[in-house]
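Just need the whole structure built from these sequences, with the hints factored in.
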Amino acid sequence: MVEVGDKLVGYATDDEVRKRGASGGLVTAVLAAALEKGMVESVVVLKHIDEYEAVPIITDDVEEVLASTGSMHSVPVNLAKYAVDRKVAMPGKPCDIKAVIEQSKRNMIDLDNTYLVGLNCGGTMPPVLTKQMLIEMYDIDPEDVVGEDIEKGKLIYRTKDGNEKAISIEELEEAGFGRRKNCQYCQLKIPTNSDLACGNWGVIGDLAGSATFCEVMNEKGKKLIENAVEAGRIEVAPASDKAIAIREKVNGVMVKMGETTQEKVFTQMPDEERLPYYREALADCIDCGGCKLACPVCSCGDDAKCTLFHSLGDNYKMSMFHLVRLLHLSDSCIGCGQCTDVCPVDIPITRIQMSFSIPVQTKLNYKPGMNADEKPPFFEVMIK
Amino acid sequence: MTKQEAITNEEAEELRIGAFICECGVNIAGAVDCNAVADYISTLPNVTTAVVNKYTCSDAGQEEIKKAIKDLDLNRVLVASCTPKTHEPIFRACVEEAGLNPYLFEFVNIREHCSWIHMWEKEDATKKAKELVRMGVARAALLEPLQSSEVPVTNKALVIGAGVTGMQAAMDIGDMGFQVYLVEAGPSIGGKMAQLDKTFPTNDCSICILGPKMVEVNRNPNIEIMSYSEVEEVDGYVGNFDVKVKHKARYVDINLCSGCNSCVEKCPVEVPYWEFNEGIGTRKAVYVPFPQAVPLRALIDKSICIDCGACSKACERGAINMDQEDTFSELEVGVIVVCVGYDVYDPEPNHDFGFGLYDNVITTMEFERLINASGPTMGKVVRPSDVVQPKRIGFVQCVGSRDVNSNIYCSSFCCMASLKNAQLIKEKYPDTEVYIMYMDMRTPFRMYEEFYNRARDMDIHFIRGRPAEVTENEDKNIIARIEDTLTNKIENLELDMMVLSVGAVSPESTEKIRQILKVSRAADGFMMEAHPKLKPVDTTLDGIFIGGMTQGPKDIPYSISQGSACAARATRFLAQGKALTEGITIAVDEDICVGCGVCVPMCPFQALKMDDDGKLEIIKALCKGCGTCAVACPSGALQQSHYKNNQILAQVKEVFAYEEV
Amino acid sequence: MADNNDWEPKIVAFCCNWCSYGGADTAGMGRFQQPASTRVIRVMCSGRIDPLHVYNAFLEGADAVLVTGCHLGDCHYVNGNEKTELKYQFLEEMVKQLGLEPERLYLNWISASEGERFANFINDVTAKVKEIGPSPLKPEGVS
Ligand SMILES: Cc1cc2nc3c(=O)[nH]c(=O)nc-3n(C[C@H](O)[C@H](O)[C@H](O)COP(=O)(O)OP(=O)(O)OC[C@H]3O[C@@H](n4cnc5c(N)ncnc54)[C@H](O)[C@@H]3O)c2cc1C
Ligand SMILES: Cc1cc2nc3c(=O)[nH]c(=O)nc-3n(C[C@H](O)[C@H](O)[C@H](O)COP(=O)(O)OP(=O)(O)OC[C@H]3O[C@@H](n4cnc5c(N)ncnc54)[C@H](O)[C@@H]3O)c2cc1C
Ligand code: SF4
Ligand code: SF4
Ligand code: FES
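Protein chains in written order, with our numbering: chain U, 5 to 388; chain F, 81 to 741; chain D, 79 to 221.
Treat the hints with care, since some could be wrong.
To be verified - Capping the alpha-carbon separation at 35 Å, the derived lysine-lysine pairs in DSBU-like fashion look like this:
| id | chain 1 | residue 1 | chain 2 | residue 2 |
| --- | --- | --- | --- | --- |
| 1 | U | Lys379 | F | Lys236 |
| 2 | U | Lys158 | U | Lys246 |
| 3 | U | Lys224 | F | Lys324 |
What the hints assert, rightly or not - Facing chain F, according to a computed beta carbon distance under 10 Å, are these residues of chain U, among others:
| id | residue |
| --- | --- |
| 4 | Asn111 |
| 5 | Asp306 |
| 6 | Val385 |
Said to hold, decoys possible - To give a feel for the contact side, a few chain D residues facing chain U, derived at Cβ under 8 Å:
| id | residue |
| --- | --- |
| 7 | Leu130 |
| 8 | Phe168 |
| 9 | Gln175 |
| 10 | Gly177 |
| 11 | Leu215 |
Hints in this document: simulated from the structure, not taken from any laboratory. C-beta: ideal position from N, C-alpha, C; glycine also.
Here is the structure:
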């Protein structure tokens, strides 16, 4: 029997799914089984368009779920808002899961109705930059790519002709490519905040590349696995101590890397330089509101305090819009990078937000997106 | 202009603001050029008229406002004068009489917040006044009419504390026909007055005039005495307070006990009687508070009881009940009167004038018990060290009063109390030498100066000055080194006993009830009235009143007057049977609210809740209009009426200007 | 920067109706003289003071902003001021991060009887702000 806390290695019993799957197709199979057996009404997955593009869909068609295998490293979309007001199961990177949990604190998502299959995540890549990187660094025509992998700190691309090329991520990032900036300092690599934390770290030996490592995080995760086993969609076995140790070790390295990067990126600027920096960075804003819309943590509608008290006519040295957003997300920003991604004038919104959020979250000892029972301090009534 | 302002303005009718600038005699005009303010204000958008009045709050001033509303069709009125804390209700009523919604009135404070604090900077004060009024005009333009609603009033009162003040308040309310719960922390009603011997200025026996009053309170069919009880919780608002009272276990069944003292005689445990006799004399573990106590019932001090069972055996009525537990009552009342009284200043910690070091330095309260015929010495004045009658007694005034090291206020009754006690000694033991060492003798009010003269005629020695040094000699006599500042003579005055005329302090123990009720605390520690002159027994909280020593040091006549005043003020609500609730509440814009619910736990009054469809529901009657929830709301859907974001921000904007005013 | 001796800073003080506004009144009644730097804005409870109001005051040109209310335990709405204190922790950190000097933002509990305390507070803050000069967020041309 499966227990909460179990660490398992498993795969889809359907060979086709297992083969197409990023690791062992287990995630896909678990989601399909949950839908099939009526645990949920629908499933959120990515529908592939090509190697660099995929769109989230909400489906109640098992076939569509089964077709959604594979990890899209260049699709940095956040899935949280697709779970709003639904009884769903969904896969999710650690930041997807964080956002779901923050939404649940704002009454938008009922966690009892939401099954969260977490995916380990070493980071995602911006699609446009990735294509440029393939040309410049890999000398590969982006159209020729059939698959990608991250192994031993290297990013590997496979092409139609059966070749593959690997370059170290460090080298890529030094050249300005590689993972999105926020992923580089993200420090949650294994989604321990999900119901089931899945990934390929710790899949070793014969199974390497054809099985998924998963950790059962809570009762809901247990139910997901049991249901999929019962439905005959997956097979699982306990992970070996060695497998567990390897997973821990890789995770440790990645987290450390994130920490170091964070320290580097957020070195405190001298007092007198900060205001000019923020003002200059935000001066380009064209008021499109994209960052607000894209934020997976915010639950406000079109009108909110950030928009209601902001006007293009203001002659302020900073915009009320950004100041109010900075405040309202200071305790809850999860650093997912969505706002920076959508900004049409390339303002590093995430970085700016995080330079406020990191000190606030540290001061108030709050980690957003981790514990559904812990309220954002701005909404607290009493000082702890 | 923010989006919200745009919306409001679009819908609004043409704005016609009338501004009335008060000179307040010279109080404002002395520092602020009111005409310049009016001239400036009349240039602002939406201002129809700007007028200067000598006294805007006078009849003439108010008439002018009403006339302007009618003649000029004003739809907003602004008064720039003193503080809204006292005058807002007056002007709201005034505009209402002229047919304007009272919430379309805006108050600007240019006296307390301007002329009085910039008295010698006329230019600055005038400029600031212009800006303050400009802020008010901007806010006035955005004001919206509000309706306050009527709530029914529970026609019962709660009086907390049954000293002479609380007794008076309870009796007056009861006599007016309303039911009163009189909650007293001690085992008997009566308060400090029950401990006193005689009372100035007539020197009639304190308990002889208080005792009958206590009996009267007990007999009043409208008063329910809850002795040995304390208020634990208070919820609600004027007209509808829910009160939880704890009745402490007496371990004696109050319905069976007759106060016969049989148990007391048998009880083997004896301790100094601090609570009533200031530690002079003793009481048993089971005791009846004092002979005139109401209720005249025994109680057991469990902290010293040895459970020997002697009392149970002695009591023929079977009233002793060692298993008794604290019980609780839930009361519903419309008004609350607080008369929890005072403590005397404790000279022990600082050893003022040798108190606590030398046996024969005592306080006036101890003296009251000593000279009291029904006190522990049967009225025989003896000194503590050898129980001998002192031949030379000195009173030191202002101990714990008028002193930067303890309390800076004057306790007001202690000059008279020492004059009284000095006279009593002279009457009882005419050959005693009596000294009063004072800074000033303070004897206002009817018959008080005469009382002082009488003391002088009785050959009591007055020394203007207080001991610089106090020592004790081998006979335990007190040597007070004192300079008479009238004669500049320094002498070493040898006394058999010295009495410190201690002042009053607000007891630590009343802090709890103050916080439960949320009554403000003044700088001197006593509870604070709504206004020092105009509302001396009101608090800033509707339906809650304070009287007697609770509000600061005073003597019995003044205390009783305040008790009656509290009763009168409180009964207004009971008699009308209804009260107006605040029109300022919270409202939700349902188009904006997304139902995140973060506001719900913010409300301390449970006025917000999410309904089954995940929509926010507001229970208006519970909302007290603090606006805290509106701050938490990230979407801006919650708006506190009268303090809407755009109203506040409009004021903020007008603090600043681009051109010199 | 203007000559700081002539320059009078503009300070926005948010006061709760029950305590700190009363404190400002009491300062007036006691004739405790203060520089004409401060403009009081009344709200019912300090809990109503939205960080957004504070930001707005800075953006409009405030050289300092004061968040004031009743002493803890004395709020007329049970614990509005405790909530204020929490929100203030955000403000403080945000203002610091923005690069505004800490001398520009204050939280202070003042009872209705503490007139002298109110006046001292205004005197102190005004002196401190005069020392550091106008706020870098003040729009051009604003007085
Ligand atoms: C961007 C990214 C980075 C990753 N980095 C690591 C890593 O460093 N170490 C590690 O151990 N594992 C990593 N993984 C997880 C790993 O690639 C597999 O997804 C996981 O092992 C599950 O394998 P599977 O075969 O069971 O999944 P599959 O059955 O293939 O199912 C994959 C599921 O992931 C969803 N998905 C695909 N792309 C995304 C995306 N961009 N965002 C959200 N959902 C998506 C699909 O819709 C599908 O439901 C990463 C995954 C992603 C998406
Ligand atoms: C030495 C001395 C001599 C004096 N002589 C004179 C004099 O001759 N003439 C004169 O006019 N004045 C005199 N006074 C002043 C006089 O004592 C007071 O003016 C008067 O007693 C005030 O009455 P009160 O009811 O306000 O307070 P108190 O007498 O203190 O009554 C308060 C009551 O409230 C109760 N209580 C306290 N807390 C609570 C609670 N939480 N819940 C319920 N009940 C509570 C107390 O137990 C007490 O019964 C003298 C004072 C002193 C110290
Ligand atoms: S304003 Fe809001 S928090 Fe305050 S009492 Fe009303 S509903 Fe409750
Ligand atoms: S906080 Fe605002 S948006 Fe959220 S439920 Fe309350 S009123 Fe609605
Ligand atoms: S009423 Fe003053 S802080 Fe709440």
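We went through each hint and held it up to the structure:
1. For the given pair, Lys379 (chain U) sits about 42 Å from Lys236 (chain F) by alpha-carbon distance, which is inconsistent with the 35 Å threshold.
2. Between Lys158 (chain U) and Lys246 (chain U), the direct Cα distance comes to roughly 22 Å. Compliance with the 35 Å bound is thereby established for this hinted pair.
3. Using a Cα cut-off of 35 Å, the hinted pair Lys224 (chain U) and Lys324 (chain F) is violated, with the two alpha carbons roughly 45 Å apart.
4. The interface hint given for Asn111 (chain U) is met, as the beta carbon of that residue sits about 4 Å from the closest beta carbon of chain F, less than 10 Å.
5. The restraint placing Asp306 (chain U) at the interface with chain F holds, with a minimum CB-CB distance near 9 Å, inside the 10 Å limit.
6. At about 5 Å, the closest approach between the beta carbon of Val385 (chain U) and any beta carbon in chain F falls short of 10 Å, and the interface hint on this residue holds.
7. Of the supplied interface hints, the one on Leu130 (chain D) holds, with its beta-carbon coming within about 6 Å of a beta-carbon of chain U, less than 8 Å.
8. At about 6 Å, the closest approach between the beta carbon of Phe168 (chain D) and any beta carbon in chain U falls short of 8 Å, and the interface hint on this residue holds.
9. Against a cut-off of 8 Å between C-beta atoms, the interface hint on Gln175 (chain D) holds, since the closest Cβ of chain U lies about 5 Å away.
10. Residue-level restraint check for Gly177 (chain D) holds (minimum Cβ-Cβ distance to chain U is 3 Å; threshold 8 Å).
11. The interface hint given for Leu215 (chain D) is met, as the beta carbon of that residue sits about 5 Å from the closest beta carbon of chain U, less than 8 Å.
Hint compliance for this structure: hints 1 and 3 are not met, and every other hint is.
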